[in-house]
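**Q** Residue numbers (my numbering), protein chains in the order written: chain R, 1 to 512; chain G, 513 to 759.
Bear in mind the hints are in silico, worked out from the structure with no lab data behind them.
A virtual CB, placed ideally from N, CA and C, is assigned to each residue, including glycine.
A portion of the hints provided could be inaccurate.
[Unchecked claim] When the alpha-carbon atoms are kept at most 25 Å apart in a straight line, the in silico PhoX-like pairs for lysine-lysine are as follows:
1) R:Lys508 <-> G:Lys609
2) R:Lys428 <-> R:Lys443
3) R:Lys428 <-> G:Lys619
4) G:Lys609 <-> G:Lys740
5) R:Lys157 <-> R:Lys123
6) R:Lys51 <-> R:Lys110
7) R:Lys428 <-> G:Lys609
8) R:Lys110 <-> R:Lys123
9) G:Lys543 <-> G:Lys693
[What the hints assert, rightly or not] Beta-carbon label-pair distances, calculated as ranges:
10) R:Glu421 <-> G:Ala634: 49 to 57 Å
11) R:Arg511 <-> G:Ala586: 25 to 33 Å
12) R:Glu421 <-> G:Ser667: 46 to 54 Å
13) G:Asn751 <-> R:Arg425: 28 to 36 Å
14) R:Ala358 <-> G:Ala634: 53 to 61 Å
15) R:Ala358 <-> G:Gln627: 35 to 43 Å
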Amino acid sequence: MNAGTRSGGLQTAERFQRAVWKAPLLGLLATLCVLRASTSLGEPILVGSKKFTESYVLAEIAKRAMEEAGIPVEHRQGMGGTIILWEALRTDQIGFYPEYTGTIGEEILKAPPSTSTAEMRAKLERSGVGMTSDLGFNNTYALVMQRAVAEKSHIQKISDLRNHPELRFGLTHEFLDRRDGWRPLADKYQLPTQNVSGIDHGLGYAALRNGSIDVKDAYSTDAKIGENDLVVLQDDLQFFPQYRAVFLYRLTLPPKAIAVLRSLVGTLDENQMIRLNAEAERTKNYALAADLYFQNGASRQQPRAGETLTHKLIRWTSRHLELAGISLLLSIIVGIPLGIAASRGGALGQVILGVTSAVQTIPSLALLALLVPVPFFGISPRTAIAALFLYGLLPIVRNTATGLQDIAQPVRESAIALGLEPAARLWKIYLPIASRSILGGIKTSAVINIGTATLAALIGAGGLGEPILSGLNLNDHATILQGAIPAAVLALLVQWSFDLLDRILIPKGLRL
Amino acid sequence: MSALVQLRGVSKTYGSAAALHPTDLAFERGKTTVLIGPSGCGKSTLLRLIIGLLEPDAGTIQFDGAPITPAHTAELRRRVGYVIQDGGLFPHLTARKNVLLMSTHLKRPVAEMDQRLAELCALTRFPETALDRYPLELSGGQRQRISLMRALALSPELLLLDEPLGALDPLVRAALQKDLKEIFARLKQTAILVTHDLAEAAYLGDEIVLMTEGRVAQIGTLEDLRAKPASAFVTEFINAQRALVLT
């Protein structure tokens, strides 16, 4: 072999390795551009909903009503919770969403219970938010019993329970602990407290059916009340706060849209809502439940020609990969330099490892809630990417730092004694030797990201979390699996492709 | 002729333990000096001070008439070769790339590098066919030969060897001792070698520096040390080693 070809081969290998590292960067830039472009497309009003059946159904009803009035609406379903929806509404990222007066008072305005509706309206107005009047039902806590048992003991009101110390209460743990829960309720009604046990909400219905408990707590419009033919005991001393359903909306919405929301006021009572919730859970389809609402009215629309499952799977999976992929690239780009800095130890190293570890302990919902009000993020996929990026940092930072610290002293000293400058030592010696550990960290980060990317559904950013969340709400295993199986397959594929990547990126001498 | 390396009042402590008490030493050009002594006597510390892996607490070290300062250690290191006990080869690079790492980094012409590699293979009796193997695919003796080639690649004025043969089995060790002696002679190489084996010191060294507890106990040939020991320690050290060899 002559000298020319030998050095030529060397240069090609280096160029290839550089290209391998550069390609993802270009991809990232391209995707960011696409993301920016896609967020500015189209102008439908966004309606949000929380991740439980009734919220989905109410949003779906409003969407249908708007569309009938010729106003395009897009439903961001199953977002993470009150704080995320409120922040999204306050910062004008969604147009409206269904909420409950009790929640508005306690959680959003943090106002005393005596606050009047007019006072609430005035306070909401300061955030540019309007509130419709009551839709017609109150979804609050309630005590429920089997009809036969209640009739036998002549129990209709909560105060009737006072004379029946033999009844067994099976209450959810949340209800047992709540400020407006069991203890003050028992005080107010002077209820017997000897036969009280904590039980899971779902299991509680089964326990009620087979007679192992007699009374349990429920939401007053819970579909299970209709399904199991249960009796809701009357709150005759008005203990439970009012959770009357309303729509919160941006005051800047077109007057026509606000008029549509107002037209829904007073059109839904408790029984009707229980029926719609039951329909949604039975058919696993919120649009069908919304249809039921419009059946008595003018038009019974055919449900929109549904997306095929394959098409949905492709949409969810590609969004999922986009979220996990971009965030992983960002984690790599930021994580490796941080890992290099951390490997040098000292105060800076401690701070870097400490902060990246601490980020891991923030629950995803809390992290999303922190990011949603920030202008650049909002309820866009960017927020999900930012959260995933932060969660993906630790494995990469830690593995880079340990990989570098584990390099044997003689190897380090040889690199120094040869006279290589610090940068050349890092690029030519230390990083290649630590490559196995670094890639291991990236692999861990990638697999975790695939799993965690389901959180994007909490802010309506799509991905495989969408079917998982809605399946959880509907207690529908088939829907959950539509998201869970592709996610698991993706995790395996990522694992395998990284095993392949190991062979390209880890120098052969380290794989002997 | 002035010494290539000159130490004046050089000392080094780790925490409260003195590794090297203030020491004056000169290393002559073209000669092989052997630093010998029991473990912890300061011989490796001395070597690491010269290559700049350690900085002295006090005193000055001159290389080729100029004092060593942090500002030009990188340049200095390229004029000095360094071989350590287990080779310190880079596991992700082939033998060839280990040897040519610095030449490539300094963008030496390819033809010059290839010629140098062939010379070094001949000099260290390393088979050219094994050049594309990785360190893990080489025997211990071959690894030390590559380590030596890497240290000699830029034709250094000074070669430092820190127990280069310490981890090898006796037969390989004997063969390498012989090769080293030939190489030093052929290159007229200025070399400082650390060992704890007196026979090796006597075989390879023009001059022996016997050290104990961070101080120089005596400087001279093995004959000098035996005939005119400077202290009881010198006699004791020589007798202990002789007993080892003879029994």
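**Q** Of all the hints given earlier, name the ones this structure violates by number, lowest first.
**A** 4, 5, 10, 12, 13, 15
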